[in-house]
Amino acid sequence: MSTTTNPAANGGPANTDGAIRAGDAPLIRFGDEQAMLLESAVAFAREQSTIADVRRRMEMPDGFEPALWRRVVELGWPGIAVPEQFGGSGLTLAEVATVAEPMGRHLMATPFGSTQQFAQALLAGGSAALQAEWLPRVCEGAIGTVALFEADGDWDLTRIGARAVRNGETLELSGLKTLVCDAGVADALLASVSLDGAPALVLVPREALGDARLRRDTVIDETRRAFDVTLDGVRVPAAAAITGEAALVALAMIRACALLIASAEAAGGIAGVLDVVVPYLNTRAAFGRKIGGYQALKHGCAEMLVGLERSRSHVAHAASVIAARGDAEVALRMAKVEACEGLLFAGDRAVQFHGGFGFTWDCDAQLYLRRALWLQSLHGDAAHHRARLADRLLGEAMPG
Amino acid sequence: MSELEAFRREVEDWMQANRPPDPGFLLPESFMEVGTDAQFEYLRAWQRKVWEAGYLGMAWPKEYGGRSRPQAYQDVVDRTMARLKMPFVTNTIGLNWAGPLILAIGSEAQKKRFIPGILSADDIWCQGFSEPDNGSDLAATQTRAARDGDHWVLNGSKIWTSLGSHAKYMILLARTEPGSRRTAGLSYFLIPMRVPGIETRPIRKLTGEHGFTQTFFTDARVPADCLIGREGEGWKVAMLTLTFERGVSGGQAGGLSRMHIGVEDVVDLARRTRRNGRPAIEDPWVRDQLVRLLIEDQGDRLCAARGKIPALCSERPDAIPLSHKLRFSEHKRRLLQFSIALSGANAARWVGDAAAVDGGKWPRAYFNAFASTIGGGTSQIQANIIGERVLGLPKD
Numbered sequence: 001m002s003t004t005t006n007p008a009a010n011g012g013p014a015n016t017d018g019a020i021r022a023g024d025a026p027l028i029r030f031g032d033e034q035a036m037l038l039e040s041a042v043a044f045a046r047e048q049s050t051i052a053d054v055r056r057r058m059e060m061p062d063g064f065e066p067a068l069w070r071r072v073v074e075l076g077w078p079g080i081a082v083p084e085q086f087g088g089s090g091l092t093l094a095e096v097a098t099v100a101e102p103m104g105r106h107l108m109a110t111p112f113g114s115t116q117q118f119a120q121a122l123l124a125g126g127s128a129a130l131q132a133e134w135l136p137r138v139c140e141g142a143i144g145t146v147a148l149f150e151a152d153g154d155w156d157l158t159r160i161g162a163r164a165v166r167n168g169e170t171l172e173l174s175g176l177k178t179l180v181c182d183a184g185v186a187d188a189l190l191a192s193v194s195l196d197g198a199p200a201l202v203l204v205p206r207e208a209l210g211d212a213r214l215r216r217d218t219v220i221d222e223t224r225r226a227f228d229v230t231l232d233g234v235r236v237p238a239a240a241a242i243t244g245e246a247a248l249v250a251l252a253m254i255r256a257c258a259l260l261i262a263s264a265e266a267a268g269g270i271a272g273v274l275d276v277v278v279p280y281l282n283t284r285a286a287f288g289r290k291i292g293g294y295q296a297l298k299h300g301c302a303e304m305l306v307g308l309e310r311s312r313s314h315v316a317h318a319a320s321v322i323a324a325r326g327d328a329e330v331a332l333r334m335a336k337v338e339a340c341e342g343l344l345f346a347g348d349r350a351v352q353f354h355g356g357f358g359f360t361w362d363c364d365a366q367l368y369l370r371r372a373l374w375l376q377s378l379h380g381d382a383a384h385h386r387a388r389l390a391d392r393l394l395g396e397a398m399p400g
Numbered sequence: 001m002s003e004l005e006a007f008r009r010e011v012e013d014w015m016q017a018n019r020p021p022d023p024g025f026l027l028p029e030s031f032m033e034v035g036t037d038a039q040f041e042y043l044r045a046w047q048r049k050v051w052e053a054g055y056l057g058m059a060w061p062k063e064y065g066g067r068s069r070p071q072a073y074q075d076v077v078d079r080t081m082a083r084l085k086m087p088f089v090t091n092t093i094g095l096n097w098a099g100p101l102i103l104a105i106g107s108e109a110q111k112k113r114f115i116p117g118i119l120s121a122d123d124i125w126c127q128g129f130s131e132p133d134n135g136s137d138l139a140a141t142q143t144r145a146a147r148d149g150d151h152w153v154l155n156g157s158k159i160w161t162s163l164g165s166h167a168k169y170m171i172l173l174a175r176t177e178p179g180s181r182r183t184a185g186l187s188y189f190l191i192p193m194r195v196p197g198i199e200t201r202p203i204r205k206l207t208g209e210h211g212f213t214q215t216f217f218t219d220a221r222v223p224a225d226c227l228i229g230r231e232g233e234g235w236k237v238a239m240l241t242l243t244f245e246r247g248v249s250g251g252q253a254g255g256l257s258r259m260h261i262g263v264e265d266v267v268d269l270a271r272r273t274r275r276n277g278r279p280a281i282e283d284p285w286v287r288d289q290l291v292r293l294l295i296e297d298q299g300d301r302l303c304a305a306r307g308k309i310p311a312l313c314s315e316r317p318d319a320i321p322l323s324h325k326l327r328f329s330e331h332k333r334r335l336l337q338f339s340i341a342l343s344g345a346n347a348a349r350w351v352g353d354a355a356a357v358d359g360g361k362w363p364r365a366y367f368n369a370f371a372s373t374i375g376g377g378t379s380q381i382q383a384n385i386i387g388e389r390v391l392g393l394p395k396d
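Going line by line, the protein sequences match chains B and C.
Numbering-wise (our numbering), the first sequence opens with residue 1 and increments by one.
Numbering-wise (our numbering), the second sequence opens with residue 1 and increments by one.
Fair warning: there could be bad hints in the mix.
[Stated by the list, open to error] Restraint-style ranges between C-beta atoms, simulated for each label pair: (1) B:Phe359 to C:Ala139: 38 to 46 angstroms; (2) B:Arg46 to C:Ala348: 52 to 60 angstroms; (3) B:Ser40 to C:Ser107: 48 to 56 angstroms; (4) B:Ser40 to C:Ala348: 54 to 62 angstroms; (5) B:Gly161 to C:Glu5: 48 to 56 angstroms; (6) C:Asp268 to B:Gly161: 37 to 45 angstroms.
Calculated from the structure, these hints are not laboratory results.
For each residue, glycine too, the CB sits at the ideal point set by N, CA and C.
Sequences are here, hints too, so could you generate the full structure?
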């Protein structure tokens, strides 16, 4: 049968919706310096995070090694998207995504993602004093994180139960924040609170918190560390608060940063699954042949690869839009949906394709399946983002 | 305004001014469904008009009828034609598969003889690859070509010959070495169709339309110089053809090759139809499905963009081109299957029924979508190719 698949002939018109295609800007930008950064990040993650390293670090209390974090700091990556005036490299979140993808592929455990969200929130909404105090420290290796979620697990970051009450020049905090990543090692966290009836962020240094307010969560992804943090009785200076419009801008930036890093890590994770499953299918034999020759398994792997290609493309686009300071909401949500669903599919099938071994703790496929569920759970799963995308791209649905 | 943008406006103006009148009958969806002489002549006249305006084969050399301009200009034309929903140009096999092949490896004489007629639509081309007993397995070709003096003598049968009833020439894969197996002993020919011993018989498709033929060769004699590439190396030439057909290689003359139905058309349909007493586009399930399709559609567009940046494809450079057909054709099939669900009870109607939504265009388009998931190597073959060539899994 004859059929054309010439892309020029079949590609058809781009969706004319401006939200999907913004003017004539290239859909993806990726410069030579980014290419060099990608190369070193790929090599670094491969060498510093072998599967043996990952499993060893899973058993450590903090989930990572200070020595590894020091190497990340020496490479300048915590400050990669921090302006040079604060000691950073002055690049953008696109470079953060470039570094995050290989980290996700090799399940590399460091507080890199948490610290990025902390720093970007300060850059977006923090006062000059907060920026001057904390951003240089981040570039030198200080660890930061954000405390957003609460007991009900709501993804809407502006519905906040925790409170800050003014008492002169002091803020008295109360309430419980949950699933605060890397709180055990963080030098400071930015917690969302309700202040004067509106969302605000307060910077809480580790010494204002103390150990007793932290309770480690038992989480599905054992390479990660998260904590419930009780704010009751914590006092910070009023100058530590980000309020009003600045707070909303900072919260939106945290969300954007979190979605981009999660998408990049998930895309990398799909590549990581293929690293695990393909060699197994090329080695294991059943009924007289290598099992990778069976189409039932081969076609599943082809589908993983298709998911990987689409995810990497969505992530590269979202990174380009965000770096150009465009409206990245659609690109970020699409990237999150594609990459996280792609990783969930890949992890799920990889467990299945390993047969009996896949049912054991020792099979590495389960590590990626856990990562997939972890990434789905934070900042909105695929169905959540598709509903938001529908409102944006198809018009609001009528209530009821 | 950039030069390309100015050109885009020029093309848009020309297309608007030269849109052919409504033929008064349902046009086929692609070159694979051209079933009547009236459809064929309408589309042939349209292609000639587009070519005479200078909008076809823009990147092909001037001396053979092209325009010797950068490919970007042809891409602008193709996108504009799709966006304005212009009729397609029907000589697709000549323009996009045979033409680039002849330009790549043909002799000077072959280029001079064949390329101008491909562009003007004077010479319609068809393809003789698939055979009745082997669909996607091209290496099982049995049609024979035996050398007899200044001629080749052809015997056997080809199937799924799009435009078979209208074609003047065929690209043909045949076995020239008796007793050879699989990819060895095959040769590749550019043959005339109107010679004694070649007969075509129309095939009726699942849509009820005609368009393909089965082609029978009974001691058909064609001149010796029909051979392209070396005798016995036809497999290599066929693989090169497939890189054009599958869009892996550039070099096609371009031109819109099918009626474009995209995800934006299905979104528009969802605004026009109703579900549970409201516009279908307000239904949560419809919204979720539409967004899935929008994400896939955007993903393929972004893959095309990323495919042009080597640093982002260095791990598996073949992954994007070799997965293109699978991604694109399966997306299209899902999109069109979903579109039918937007017609409520009227989804039960077929082409020709007065109350069928949009004349029955949606279910017909869904059925025709199988042409792309089956033709040119089924999706299952594509998944094998990805598994084996991109991921390095064992052969079947």
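Results for each hint:
Distance hint for Phe359 (chain B) and Ala139 (chain C): a CB-CB separation of about 40 angstroms, consistent with the stated range 38 to 46 angstroms. The hint said 52 to 60 angstroms for the Cβ distance between Arg46 (chain B) and Ala348 (chain C), and at roughly 56 angstroms that hint holds. For the pair Ser40 (chain B) and Ser107 (chain C), the beta carbons lie near 50 angstroms from each other, so the given range of 48 to 56 angstroms is met. The given range of 54 to 62 angstroms is respected by Ser40 (chain B) and Ala348 (chain C), whose C-beta atoms sit roughly 60 angstroms from each other.
In this structure the hint that Gly161 (chain B) and Glu5 (chain C) lie 48 to 56 angstroms apart at CB holds, the actual value being about 53 angstroms. At about 43 angstroms, the beta-carbon gap between Asp268 (chain C) and Gly161 (chain B) stays in the expected band of 37 to 45 angstroms.
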